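There are 2 protein chains.
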Amino acid sequence: MNIRIKWLRDQLKSMELDGMIVTNPINVKYLTGLEEEGTFIVAPKENVFLTDSRYIESVNNKLTIDDEIIAYDVKNMSKYDYEAFFMCCHDIGFEEKYVTYETYKKYLQTYQVNLVETEGIIENHRIVKDEEEIELIQQACEITDSAFEYVKKILHYGMTEKEVKFEIEKFMIENGAEGVAFDSIVAFGENTSMPHAVPTNRKLQSGDIIQFDIGAKYQGYCSDFSRVVFVDYMKNEYEDSYNFVLEQQQRIVDSFKNGVNIKQVMKDRESDYHLKNFSVMHSFGHGVGMDLHEEPFLNAKMDLYLKENSVVAIEPGVYKAGRFGIRIEDTYLVTKDSCINLTKSGKNVTIIPIKDKKTLDL
Amino acid sequence: MNIRIKWLRDQLKSMELDGMIVTNPINVKYLTGLEEEGTFIVAPKENVFLTDSRYIESVNNKLTIDDEIIAYDVKNMSKYDYEAFFMCCHDIGFEEKYVTYETYKKYLQTYQVNLVETEGIIENHRIVKDEEEIELIQQACEITDSAFEYVKKILHYGMTEKEVKFEIEKFMIENGAEGVAFDSIVAFGENTSMPHAVPTNRKLQSGDIIQFDIGAKYQGYCSDFSRVVFVDYMKNEYEDSYNFVLEQQQRIVDSFKNGVNIKQVMKDRESDYHLKNFSVMHSFGHGVGMDLHEEPFLNAKMDLYLKENSVVAIEPGVYKAGRFGIRIEDTYLVTKDSCINLTKSGKNVTIIPIKDKKTLDL
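Going down the list, the sequences are from chains A and B. The numbers in the first sequence follow my numbering, run straight up by one, and end at 938. The numbers in the second sequence follow my numbering, run straight up by one, and end at 938.
Treat the hints with care, as some may be off.
No copy is singled out in the list; a pair is fine if it fits within one copy or between any two copies.
Distance condition first, Cα-Cα at most 25 Å in a straight line; then the derived DSS-like pairs of lysine-lysine [what the hints assert, rightly or not]:
id : residue 1 : residue 2
1  : Lys-621   : Lys-582
2  : Lys-896   : Lys-638
3  : Lys-621   : Lys-912
4  : Lys-638   : Lys-738
5  : Lys-931   : Lys-728
6  : Lys-779   : Lys-931
7  : Lys-651   : Lys-852
8  : Lys-746   : Lys-779
9  : Lys-655   : Lys-839
10 : Lys-896   : Lys-651
11 : Lys-923   : Lys-682
No wet-lab data here; the hints were simulated from the structure. Keep in mind that this is a model prediction, so the values were computed, not measured.
Sequences are here, hints too, so could you generate the full structure?
The following block contains the structure:
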């Protein structure tokens, strides 16, 4: 029996819904294990995966009788087949955060039911990870740590942001990642002032600060990690911001554990920013799992309590327009009474004496 | 002056719309050149890019006075600022194919206007490419051809589908691509029977058929390309399907030019499939541009006329469940009176005598 589908059915019952149409592919994968394009339907009589002829063979190869899911090729379905799923049903849940307005109208027409918003029930359930999920996130974190170790060794004068990004991503894939969790951010010098800088052909120079924001994907699960390092020496102007960011991250970590109110912690951190006259340019973090950014989002509007076995990235940052930015980020597991770092790279100020390419000891 | 925004304004006028909210990031980039997260608003008095503090610096660095776009940080905006954009307006266009049901409701509340579906006006305009766009797609196609040439040389016994995928993608990035246009499909032997096979650890063997479906992304533009090759020898059972697929592609190419009705051509091809008792497992192709799959979609329901300077991937395929599949695909430019292949790799039956790794001549 699929316990995730059983959970969803119980949930729908308590919400007085007769079924649900699951459209978000991450949620479909979470519930069914299937990565193929399609829609998952929880109908009163059966669990249905609607797909097309491009995927039907692969889906049928994967499903076993224990999955309790029947796959249909939409090519073979009539108007009446669709209506039959929810025959005599009234209220059916749908994912208002994912379904487009056009698809919403199509569903109304196809299924002839009343569609009810489900307010992210599946996303909220995904906040708490099971043992296997935590293990996979840990693996993604390990690959990320190793990639960071590796790239620090191969940096050399004249390398571009794009080249460094490429080396990191190549390393991840060669070391077990199925891919990257997101397009790596690698920014040099003044480019670090933009939190979402896109790597350019800017070349590495002595005195540069380098911002890394990188993460691997391992068997469907993400990691998220940021560090800055300094080339040859650390300019004085960076010191205060570096220490502030590091301290803010530590304060969040110190207060995070099961049952803590997110809003309260984040408001305290915002006060610290205001006292220093620093802008809060982005949230302090987010959940990490099958999605890189998922519930819970760590900002001062989130009146929500942390749960044991949730995984969050904590990433305070300080940005000085046109000059520099510093962000430190780790992926943490929230436990009953603490918060454990899954990305293990050190956080002391790191100054890298950079070599010419020809003297690089590889 | 931005001629794409001017075109959109004229278009909205003819549709009796007072403005439009553009949400699809590809459409935003097409109109504004901006890749940062945000919403583009065509309001009666101004063109507005709504973004947040993570992106505002980078956006302001890019925009010049000629862009005629004003960027706002949503952090500094009140309820009244939003309402002011469409003050005294009645009907405002939105992208019903992209906007979620939740966002649709939020827009209604935020802008206090009547939201009108725009039926993909921007996507439809993107069908016809300008000179620069065609040049970029050509570059993406060249990189793809080279990657295919390269990978044929390094194939060796025992290599896995995943490894081959990795080599192709690495080659593309090292040779000028900003990334892949999509996750490359590499399937060996019986795995080729699934049109959207996901690369596995299946190892290469003598007698295998290999399906490649690959594409590079170059400065925002995609290419799409598929070939099969045969390892050491070609099994008899493949021959008929190979020739059929190649012939079907050629027939489509021969009939494609400006003004041709897509539906009619596709219906003729479907008849050929039915005569042979082959299933039509997927459409015969699609437009290619900033999106990998975009308008026009090449299937027998598409009652649309081809236009000069549109770019399409033509990709007939034949699939025998549990045994094999064969798909041949190229990216073409439609001209006034023909259809020019932008991916230049040959299509004769290709048999590759495979080496052991140690004898590989790299």
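Now for the hints, and whether the structure bears them out:
1. For the homomeric pair Lys-621 and Lys-582, the shortest alpha-carbon distance inside one copy (13 Å) is at most 25 Å, but the shortest distance between copies (54 Å) is not.
2. Taking CA atoms no more than 25 Å apart as the test, Lys-896 paired with Lys-638 passes between copies only; the shortest distance there is 18 Å, against 51 Å inside one copy.
3. Taking the closest pair of Cα atoms, Lys-621 and Lys-912 never come within 25 Å of each other, the shortest separation being 39 Å inside a single copy and 55 Å across copies.
4. Within a single copy, Lys-638 and Lys-738 get their C-alpha atoms only as close as 39 Å, which misses the 25 Å cut-off; across copies the closest is 19 Å, which meets it.
5. Within a single copy, Lys-931 and Lys-728 get their C-alpha atoms as close as 11 Å, which meets the 25 Å cut-off; across copies the closest is 36 Å, which misses it.
6. Taking the shortest Cα distances, Lys-779 and Lys-931 sit within 25 Å of each other inside one copy (14 Å), while across copies they are farther apart (40 Å).
7. For the homomeric pair Lys-651 and Lys-852, the shortest alpha-carbon distance between copies (19 Å) is at most 25 Å, but the shortest distance inside one copy (62 Å) is not.
8. In this assembly of identical chains, the alpha carbons of Lys-746 and Lys-779 lie at most 25 Å apart whether taken from the same copy (20 Å) or from different copies (21 Å).
9. For a Cα distance limit of 25 Å, the shortest separation of Lys-655 from Lys-839 across copies, 23 Å, qualifies, whereas the shortest one inside one copy, 48 Å, does not.
10. In the homo-oligomer, the alpha carbons of Lys-896 and Lys-651 lie at most 25 Å apart only across protomers (17 Å), although the nearest pairing inside one protomer, at 56 Å, exceeds that limit.
11. In this homomeric assembly, Lys-923 and Lys-682 never come within 25 Å of each other (Cα to Cα): the closest approach is 51 Å inside a single copy and 41 Å across copies.
Checked against the numbered hints given earlier, this structure breaks hints 3, 11; the rest are met.
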